[in-house]
Each structure stands twice: as structure tokens, then as C-alpha cells.
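Note that the protein sequences, when read in sequence, are chains U and V. For the first sequence, the working numbering gives the first residue as 1, with consecutive numbering after it. For the second sequence, the working numbering gives the first residue as 1, with consecutive numbering after it.
Keep in mind the hints are simulated off the structure, nothing from the lab. From a predicted model like this one, the values you see are computed outputs, not experimental measurements. Keep in mind that a hint or two might mislead.
With a straight-line Cα cutoff of 25 Å, these simulated SDA-like cross-link-like pairs (lysine to any residue) come out [said to hold, decoys possible]:
| no. | chain 1 | residue 1 | chain 2 | residue 2 |
| --- | --- | --- | --- | --- |
| 1 | U | 37 | V | 112 |
| 2 | U | 42 | V | 10 |
| 3 | U | 22 | V | 44 |
| 4 | U | 42 | U | 20 |
Chain residues, written in single-letter form:
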Amino acid sequence: GENVEQHPSTLSVQEGDSAVIKCTYSDSASNYFPWYKQELGKGPQLIIDIRSNVGEKKDQRIAVTLNKTAKHFSLHITETQPEDSAVYFCAASTTGNQFYFGTGTSLTVIP
Amino acid sequence: GAGVSQSPSNKVTEKGKDVELRCDPISGHTALYWYRQSLGQGLEFLIYFQGNSAPDKSGLPSDRFSAERTGGSVSTLTIQRTQQEDSAVYLCASSFQGQGTEAFFGQGTRLTVV
Numbered sequence: 001g002e003n004v005e006q007h008p009s010t011l012s013v014q015e016g017d018s019a020v021i022k023c024t025y026s027d028s029a030s031n032y033f034p035w036y037k038q039e040l041g042k043g044p045q046l047i048i049d050i051r052s053n054v055g056e057k058k059d060q061r062i063a064v065t066l067n068k069t070a071k072h073f074s075l076h077i078t079e080t081q082p083e084d085s086a087v088y089f090c091a092a093s094t095t096g097n098q099f100y101f102g103t104g105t106s107l108t109v110i111p
Numbered sequence: 001g002a003g004v005s006q007s008p009s010n011k012v013t014e015k016g017k018d019v020e021l022r023c024d025p026i027s028g029h030t031a032l033y034w035y036r037q038s039l040g041q042g043l044e045f046l047i048y049f050q051g052n053s054a055p056d057k058s059g060l061p062s063d064r065f066s067a068e069r070t071g072g073s074v075s076t077l078t079i080q081r082t083q084q085e086d087s088a089v090y091l092c093a094s095s096f097q098g099q100g101t102e103a104f105f106g107q108g109t110r111l112t113v114v
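Turn these sequences into a full structure, and let the hints guide you.
Structural data, given as C-alpha cells:
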């Protein structure tokens, strides 16, 4: 099955700085890579996703990049704000199958 | 409703009792997933339903765990003879496989076995 690794497990940045979270996957058949943000006491919320036919996708301050050859993808958050503090999960899947999640990154944005 | 709904939001049960957790997916979503999240941990896959296909039960940790999905909509996760190690947040998600595979999660059920 698929194996997704996520780094770092914790990340602290100053407000206004950028944050980068990286994930690797093992199954070359994986073709869909979502990122979720989970705030305390809530379910994960989809914030951005990318499919294998695209190398980069951006939505305001959030961007995701995908390198299929190297089997890794990354989340980039620019101009971080305190409300970005949360746990972020990456995931990988193939159409019609379950999602395999990384172990999460706890992001703290220091005002 | 607009999103995935789970009930109850919190459940405290005595060790050895059975519990049922309910998930109402987004209307029209054909795929439904159950995950378990222990305190401060990642998401552990439990079971996946897709349309009328046989469910993928490969993540169920023991035969005390079972799930069903009636009429392709509501799903119930049942844990029999609960143990303290079953204490966790149980998360349900749904997706519409026809238009992409974005999965949306409910708020979870926090299960505490005492």
C-alpha cells in the first residue's frame, strides 16, 4: 500500500514569515494530493489539493507543488498569520481508493 | 445539510459496552470513509465505502469493529465490547467520485471508554 511521510512534525514561524511542509509518497499510481488543516476540536478541513497532471497550484497565500518523479509534494504558506496556527496533514490517493495521510505538522505562528 | 454530520459529538461509555457512531454524508456523495484519530496523532484508516462495491475493511483493527452503510447514504460504525484503547476521535468523510476526489470531513465523534 501507499506510505506517506510528512516533515517536520512541528514548525514555529514568526508572523509574516513563510512556512513549508513537505511530504513524500511511495506509490507511483497516486494521482491526487490534498492538504488538510485541523484546528483544535474540529475535523480536518480541505485547504488545497493538486492532481498529478499539475506541478503547482496556488490559492492566495497557499501554494502546493508536486514533483512526480521524486514522489514528493509540499505546502507553502506565505505571509503567515496567527490564524494559520493548526495541524496540517498531507494525503495521497488514487481515484476510487482510500486516502493515506501523513502524520501531521503542528504549525505555530508567533505574533 | 451542507456538510458531513456526525453524531453524537461526544460519547462516554463503560468498558465492555457497545457503541454506535453515526455519519450523514454530503448528499450525492458516493464514497464514505471512516478514520480514527488518537490524541495528538494522525488519521488511521478504518473502512471505505464506494457506491455499491464491497467496502474496503482492511483498516478495521479487530472483529469488534464493524460498519454499514444503508441505502448508499448514512453510515454507522459499531464498536462492540469497547476497550479503553478504543478511546479516540472517530472521523467520517465523504466524497463525490464522479467529479474528483475531494473528501470532506465531519467534526468527529469523541469516544471515551472509562
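Okay, the hints, checked on the actual structure:
1. Distance restraint check for residue 37 of chain U and residue 112 of chain V: the Cα-Cα separation of roughly 24 Å lies within the 25 Å cut-off, and the hinted pair is therefore satisfied.
2. For the suggested pair residue 42 of chain U and residue 10 of chain V, the alpha carbons sit about 12 Å apart, so the restraint of at most 25 Å is met.
3. Annotation: proposed proximity of residue 22 of chain U to residue 44 of chain V holds, straight-line Cα distance about 20 Å (limit 25 Å).
4. Between residue 42 of chain U and residue 20 of chain U the CA atoms are separated by roughly 23 Å; this keeps the pair inside 25 Å, and the hint holds.
Of the numbered hints stated above, none is contradicted by the structure.
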